[in-house]
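Using the UniProt record's numbering, the first residue of the sequence shown is number 1, and each one after it goes up by one.
Note that these hints are calculated values from the structure, not bench results. It is possible that some hints are incorrect.
Unchecked claim - Keeping only pairs whose Cα atoms sit at most 25 Å apart, straight-line, the calculated BS3-like set for lysine-lysine is:
id	residue 1	residue 2
1	Lys-385	Lys-230
2	Lys-245	Lys-230
3	Lys-385	Lys-345
4	Lys-287	Lys-345
5	Lys-385	Lys-287
6	Lys-109	Lys-245
7	Lys-110	Lys-245
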Amino acid sequence: MASLLNEAALPGPQGEDGPVYVDYNASTPIAREVADAMAPYLYEHWGNPSSAYVYGRRTAEAVANARRQLAALLNAQEAQAHVTFTSGGTESNNWAIRGAARAMRAADKKRSHIVTTCVEHPAVLEVCRFLRDVEGFELTEVAVDAEGVCAVEALEEAIRPGETALVTVMHSNNEVGALMPVREAAGLAHAAGALCHTDASQSVGKVPVDFVALGVDFLTVAGHKMYAPKGCGALIHRRDVPMEKFMIGAGHEQGRRAGTENVILNVGLGAAAALAHSRGVAQTAAKLAARREELRGALLATLEGAGVQARVNGPGDAARRLPNTLSISLRGVVGAKLVARVQDKVACSSGSACHAGAVRMSGVLRAMGVEPEWGDGTVRLSVGKYTTSRDVEVVAREIAVAAAEELRLGSGVTSG
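Construct the complete structure from the given sequences, taking the supplied hints into account.
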């Protein structure tokens with residue numbers, strides 16, 4: 001079966017005539033190996049996995065194999081955990097948080113308290129706030145320090161033995177790359193009789209993620225952050241924890257999520273997990289870190305040469321942040337305007353939004369205490385498996401030129 005993607009098209013829009021892509025935290029291209037694994041299930045093996053005849057058996061085995069591949073990457077073997085396929089990170093987060101909190105309160109009405117951090121992705125934070133505002137749960141949003149990390153002591157202070165139902169702490173922050181103390185959070189939660197969930201969407205495939213070693217009860221995976229397609233993900237959860245069904249109907253996904261399995265997407269997620277596992281996540285992390293440091297050095301040098309003041313956000317210790325993520329603030333520049341200015345040459349994200357002449361810094365940067373004169377000019381750059389040294393040169397040059405031009409013209413906006 002021919003590849004669904006040509007080799008030259010692997011990085012998506014990136015190429016000789018397209019912008020350099022450095023926004024891998026937003027989404028990754030589908031890896032060629034993943035597309036090739038999916039192709040037979042689009043054209044050849046199309047049977048319903050619930051069917052007993054050969055067409056169904058082939059697709060059922062493909063789904064089972066994908067489950068094993070993801071379990072192997074995350075050390076979530078069948079004896080300890082269920083691997084349930086979902087439509088992505090948002091569904092997995094909703095299911096884990098709402099299901100766990102409700103189940104805990106149903107078993108003990110005093111357990112109506114949730115603990116999270118103030119820098120979670122909206123797919124976590126907004127779910128927790130929904131449970132507070134609509135279903136009457138209490139919610140504590142724990143602060144972070146200047147590096148974007150939640151202190152273990154702050155979590156311990158927030159958790160209430162006998163009252164806390166769930167602690168949910170992201171594995172890594174998508175904006176500044178800070179790695180969170182998830183293992184410690186799980187230990188504190190369990191000591192208080194609570195459950196623990198982590199959103200590992202940004203971490204899987206970039207840094208080692210071990211379900212058993214982390215000690216969490218629930219772990220979220222998002223396919224499109226790890227070179228699999230959009231619209232696929234998984235929820236890993238311990239076998240012995242209470243969990244409500246997500247969808248009621250037939251017995252799909254071990255009776256927890258009714259609906260005919262999306263075979264081709266599940267195969268893609270499994271193939272992406274197998275690819276990450278075969279290459280070695282620790283080795284991948286080292287390569288990503290080297291490319292990020294190459295970018296950091298080149299960008300800081302070109303910005304200095306252009307007369308632009310810059311500083312890096314997030315943990316100073318490289319071991320405490322994602323290896324591919326660089327959040328950098330440019331003083332006196334509006335990040336959203338800079339990103340728009342370079343979009344034909346560089347595809348990246350901003351840490352601020354500009355509406356009606358006012359700039360609003362991201363909630364993560366505000367929580368870290370970043371001053372508006374710096375935070376408003378934040379750009380997030382995230383490298384990936386296709387980022388080259390040539391890409392680094394282009395990004396450093398184009399951002400420095402655009403930042404200098406923005407300073408020359410003046411922002412014409414105010415901080416909001």
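Each hint tested on the structure:
1. Lys-385 / Lys-230: 18 Å, holds
2. Lys-245 / Lys-230: 23 Å, holds
3. Lys-385 / Lys-345: Holds, at roughly 19 Å.
4. Lys-287 / Lys-345: Satisfied, since the Cα-Cα distance of roughly 24 Å is no more than 25 Å.
5. Lys-385 / Lys-287: 9 Å, holds
6. Lys-109 / Lys-245: Distance ~20 Å between Lys-109 and Lys-245 Cα, so the pair holds.
7. Lys-110 / Lys-245: 22 Å, holds
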